[in-house]
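K.L.:
Residue numbers (our numbering), protein chains in the order written: chain A, 468 to 887; chain B, 14 to 278.
If you're looking for bench data, these hints aren't it; they were derived computationally from the structure. Be aware that one or more of the hints could be misleading.
As the list claims (entries may be wrong) - Taking beta-carbon pairs under 8 Å as the criterion, some of the chain A residues facing chain B (in silico): (1) Gly-541; (2) Thr-542; (3) Thr-543; (4) Met-578.
Unchecked claim - A short list of chain B residues far from chain A (calculated; beta carbon distances all over 10 Å): (5) Ile-16; (6) Ser-31; (7) Ser-32; (8) Ser-48; (9) Trp-50; (10) Val-69; (11) Leu-109; (12) Met-118; (13) Asn-119; (14) Ala-161; (15) Trp-246; (16) Ala-248; (17) Ala-265; (18) Val-275.
Beta carbons: idealized from backbone N, C-alpha and C, even for Gly.
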Amino acid sequence: MSHTVEVIGLGKAYRHYPNRWSRLAEWLLPFGGPRHQQSWALRDVSFTVSPGEAVGIVGFNGAGKSTLLRIITGTTRATEGEVRLHGRVAALLELGMGFHGEFTGRQNVMMNGQLLGLERAELEELMPAIEDFAEIGAYFDEPLRTYSSGMAMRLAFSLATARRPELLIVDEALSVGDAYFQHKSFSRIREFREQGTTLLIVSHDRLSIQALCDRAILLHEGRLLREGEPEIVMDFYHALMADRTFAHIRQELNAQGVVQTTSGTGEATIVSVTLQNAGGATTDAAKVGEEVVMSVRFRVHVDLPTLVVGLMIKDRLGHEMFGINSHRLSIPIENLAAGSEHVFRLRFVMNLGEGHYSVTTALTRSDAHVDRTYEWRDRALIFYVINVAHPRFVGCNWLAPVASLDAPDAAGRVADATGS
Amino acid sequence: MLIQLIRAAWRSRGFIVSSVRREFAARYGNSLLGSAWAVINPLAMVAVYMLIFSQVMQARLPGETGTLAYGIFLCAGILSWGLFSEIIQRGMTVFLDHANLLKKMNFPRICLPLIVLLNAGMNFAIIYGLFLLLLLVTGNFPGAYLLAMLPVLAILCVFALGLGIVAGVLNVFFRDAGQFFGILLQFWFWFTPIVYPLSILPEAIRPIVLANPLTPLMLSQQAIALGQGWPQWSALVAPALCATLALVVALALFRRRADEIVDEL
Numbered sequence: 468m469s470h471t472v473e474v475i476g477l478g479k480a481y482r483h484y485p486n487r488w489s490r491l492a493e494w495l496l497p498f499g500g501p502r503h504q505q506s507w508a509l510r511d512v513s514f515t516v517s518p519g520e521a522v523g524i525v526g527f528n529g530a531g532k533s534t535l536l537r538i539i540t541g542t543t544r545a546t547e548g549e550v551r552l553h554g555r556v557a558a559l560l561e562l563g564m565g566f567h568g569e570f571t572g573r574q575n576v577m578m579n580g581q582l583l584g585l586e587r588a589e590l591e592e593l594m595p596a597i598e599d600f601a602e603i604g605a606y607f608d609e610p611l612r613t614y615s616s617g618m619a620m621r622l623a624f625s626l627a628t629a630r631r632p633e634l635l636i637v638d639e640a641l642s643v644g645d646a647y648f649q650h651k652s653f654s655r656i657r658e659f660r661e662q663g664t665t666l667l668i669v670s671h672d673r674l675s676i677q678a679l680c681d682r683a684i685l686l687h688e689g690r691l692l693r694e695g696e697p698e699i700v701m702d703f704y705h706a707l708m709a710d711r712t713f714a715h716i717r718q719e720l721n722a723q724g725v726v727q728t729t730s731g732t733g734e735a736t737i738v739s740v741t742l743q744n745a746g747g748a749t750t751d752a753a754k755v756g757e758e759v760v761m762s763v764r765f766r767v768h769v770d771l772p773t774l775v776v777g778l779m780i781k782d783r784l785g786h787e788m789f790g791i792n793s794h795r796l797s798i799p800i801e802n803l804a805a806g807s808e809h810v811f812r813l814r815f816v817m818n819l820g821e822g823h824y825s826v827t828t829a830l831t832r833s834d835a836h837v838d839r840t841y842e843w844r845d846r847a848l849i850f851y852v853i854n855v856a857h858p859r860f861v862g863c864n865w866l867a868p869v870a871s872l873d874a875p876d877a878a879g880r881v882a883d884a885t886g887s
Numbered sequence: 014m015l016i017q018l019i020r021a022a023w024r025s026r027g028f029i030v031s032s033v034r035r036e037f038a039a040r041y042g043n044s045l046l047g048s049a050w051a052v053i054n055p056l057a058m059v060a061v062y063m064l065i066f067s068q069v070m071q072a073r074l075p076g077e078t079g080t081l082a083y084g085i086f087l088c089a090g091i092l093s094w095g096l097f098s099e100i101i102q103r104g105m106t107v108f109l110d111h112a113n114l115l116k117k118m119n120f121p122r123i124c125l126p127l128i129v130l131l132n133a134g135m136n137f138a139i140i141y142g143l144f145l146l147l148l149l150v151t152g153n154f155p156g157a158y159l160l161a162m163l164p165v166l167a168i169l170c171v172f173a174l175g176l177g178i179v180a181g182v183l184n185v186f187f188r189d190a191g192q193f194f195g196i197l198l199q200f201w202f203w204f205t206p207i208v209y210p211l212s213i214l215p216e217a218i219r220p221i222v223l224a225n226p227l228t229p230l231m232l233s234q235q236a237i238a239l240g241q242g243w244p245q246w247s248a249l250v251a252p253a254l255c256a257t258l259a260l261v262v263a264l265a266l267f268r269r270r271a272d273e274i275v276d277e278l
């Protein structure tokens with residue numbers, strides 16, 4: 468099966484001239500050789516995207532994400548390597564589509580739509596749907612300069628997705644929309660996905676990457692640093708955020724077959740994180756409503772004056788379910804001797820909904836994670852929550868409801884629930 | 014290469030046509046009288062040249078007896094020059110003006126200079142149409158000689174398009190190009206027989222003006238408008254060659270630097 472996107476050894480260098488005259492000299496003097504320095508915004512990037520696949524591209528500002536998308540869409544030419552595309556492409560690059568400020572929304576849709584490869588008649592036919600989806604009301608016939616950035620984005624998204632493309636490229640554009648439109652555009656993207664559209668998306672939002680993408684690519688300083696399952700790549704990305712030099716970041720397979728991402732300076736490390744059920748047995752499956760104990764065993768390698776143990780439970784999409792640390796629970800952990808092991812225990816009732824969850828642990832010097840992190844470990848534990856004792860319910864937590872019904876009395880009156 | 018460019022432009026014809034139409038409309042979008050200004054403006058201009066110079070200032074053209082002769086001479090030259098300089102001046106800034114679009118959409122960039130050409134051509138058609146109407150009303154209509162305008166204007170447009178693209182590409186990399194072309198156009202205007210007839214020039218300057226490739230084009234335009242006869246075809250060869258050369262240089266420069274333009278914007 469052929470790929471929708473093939474990126475082969477892609478590199479982009481921008482030219483820097485020492486001064487204004489040197490470019491002229493380079494242009495005019497045939498044998499003078501190059502007088503510029505190249506700075507590589509992107510180098511040696513290769514990957515493929517299969518039809519129907521959704522790939523998220525993550526990385527810090529300046530990592531080369533936008534440059535990569537611009538080369539894929541063809542607005543910028545690569546210095547080396549090549550991109551092969553199959554099928555109709557629709558792209559939303561950084562806020563809008565180069566709309567013209569003096570023209571109305573309708574006129575801009577007409578012009579840029581033609582640049583997208585749609586026929587005039589086709590656009591006229593699609594116009595009501597585009598206007599309808601953008602939901603910008605009378606502004607549709609006002610000049611673009613009167614639009615807010617969110618409105619311009621609505622229009623751009625509406626136009627780009629008026630016809631289902633084979634490949635949809637979205638560059639952080641959705642982040643300017645309000646929650647309502649984000650939701651609306653995400654459901655349209657999902658709909659396209661179901662119909663087979665390939666998706667290439669840049670986002671800083673872990674949730675949208677994990678919810679939409681089959682695969683994630685991490686770019687760092689113009690190179691492809693990690694590629695794989697969104698959750699694992701995002702863990703690595705978050706570790707990278709705390710430790711830009713990634714000297715201490717490790718990703719390894721543990722005994723459970725789970726890829727754990729660890730980072731930090733290493734003065735203290737996690738030995739194990741376990742879950743015990745009401746009977747005291749270690750388990751990876753807890754029942755809804757069951758009392759459990761989570762134990763974090765850690766080892767201290769050098770003498771430490773203070774240490775804070777933090778725990779975060781996340782669902783499969785990375786939504787944070789519950790997080791807390793020893794400091795906030797008023798458990799001081801002080802004067803730890805080198806070589807000692809400690810166990811921090813958290814007893815609680817498992818009121819999460821059914822599903823699987825991961826636990827992230829942090830050993831830090833103080834309450835603030837940015838102060839100094841001895842160790843940060845994503846997916847230190849994976850556990851399941853099953854529902855046996857309670858009625859079947861949906862959602863992420865069990866609210867232990869008590870239900871009742873007041874039937875009307877003989878006169879047809881229903882007792883007032885508030886009792887007044 | 015040329016064929017590729019033409020094919021790319023043809024595929025984007027819908028965009029080009031809409032752009033020309035919108036740009037024309039946008040100019041008058043915020044005014045009360047709307048596109049009436051597209052007629053009022055040039056009408057005022059033609060009226061000034063025709064009436065002020067011939068009636069108020071009593072300017073006469075050597076060798077012509079009609080009272081309107083100088084006004085016709087002036088209009089034919091200035092309107093043609095207006096077409097020429099509009100294409101160059103708009104071409105100069107066309108890539109900078111559309112930076113936003115160039116960075117966000119993938120489309121044949123050659124469309125942009127073509128939009129400039131068509132826009133200027135449309136403005137010229139309006140103003141020259143009014144001018145011809147005035148000639149008709151005053152009984153000075155040149156008749157069949159007007160057909161000769163087609164080749165003359167074609168050379169003029171190709172020449173201007175070539176120079177406009179060169180100026181436009183250079184201006185992206187060196188903003189000096191904009192300043193330079195501005196000054197060049199000023200001098201060029203005065204070294205072309207537009208407001209003065211060739212005959213009044215001192216001997217010392219005449220060779221310079223005759224060497225100017227625009228001179229035969231302007232002389233032809235003036236002769237046509239005055240109904241003096243067909244242009245001197247042989248004199249148009251040199252301008253045609255200059256225009257072709259300008260376009261070849263422009264396309265070569267454009268092709269070489271088109272990808273770099275987006276990086277530089």
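K.L.:
A separate judgement is required for each hint: does it hold in the structure or not?
P.N.:
Results of checking the hints against the structure:
1. Gly-541: Cβ of A/Gly-541 sits 4 Å from chain B, so the hint holds.
2. Thr-542: holds, 5 Å
3. Thr-543: Cβ of A/Thr-543 sits 5 Å from chain B, so the hint holds.
4. Met-578: holds, 5 Å
5. Ile-16: B/Ile-16 is indeed farther than 10 Å from all Cβ atoms of chain A, at 20 Å.
6. Ser-31: violated, 5 Å
7. Ser-32: Non-interface label fails for B/Ser-32: nearest chain A Cβ at 6 Å, not farther than 10 Å.
8. Ser-48: The claim holds: B/Ser-48 sits with its nearest Cβ about 15 Å from chain A, beyond 10 Å.
9. Trp-50: The claim holds: B/Trp-50 sits with its nearest Cβ about 15 Å from chain A, beyond 10 Å.
10. Val-69: Per Cβ check, B/Val-69 is outside 10 Å of chain A; nearest 39 Å; holds.
11. Leu-109: holds, 14 Å
12. Met-118: At roughly 5 Å from the nearest Cβ of chain A, B/Met-118 sits no farther out than 10 Å, so the non-interface label is violated.
13. Asn-119: violated, 4 Å
14. Ala-161: holds, 36 Å
15. Trp-246: holds, 37 Å
16. Ala-248: holds, 34 Å
17. Ala-265: holds, 13 Å
18. Val-275: violated, 5 Å
Checked against the numbered hints above, the structure violates hints 6, 7, 12, 13 and 18; every other hint is satisfied.
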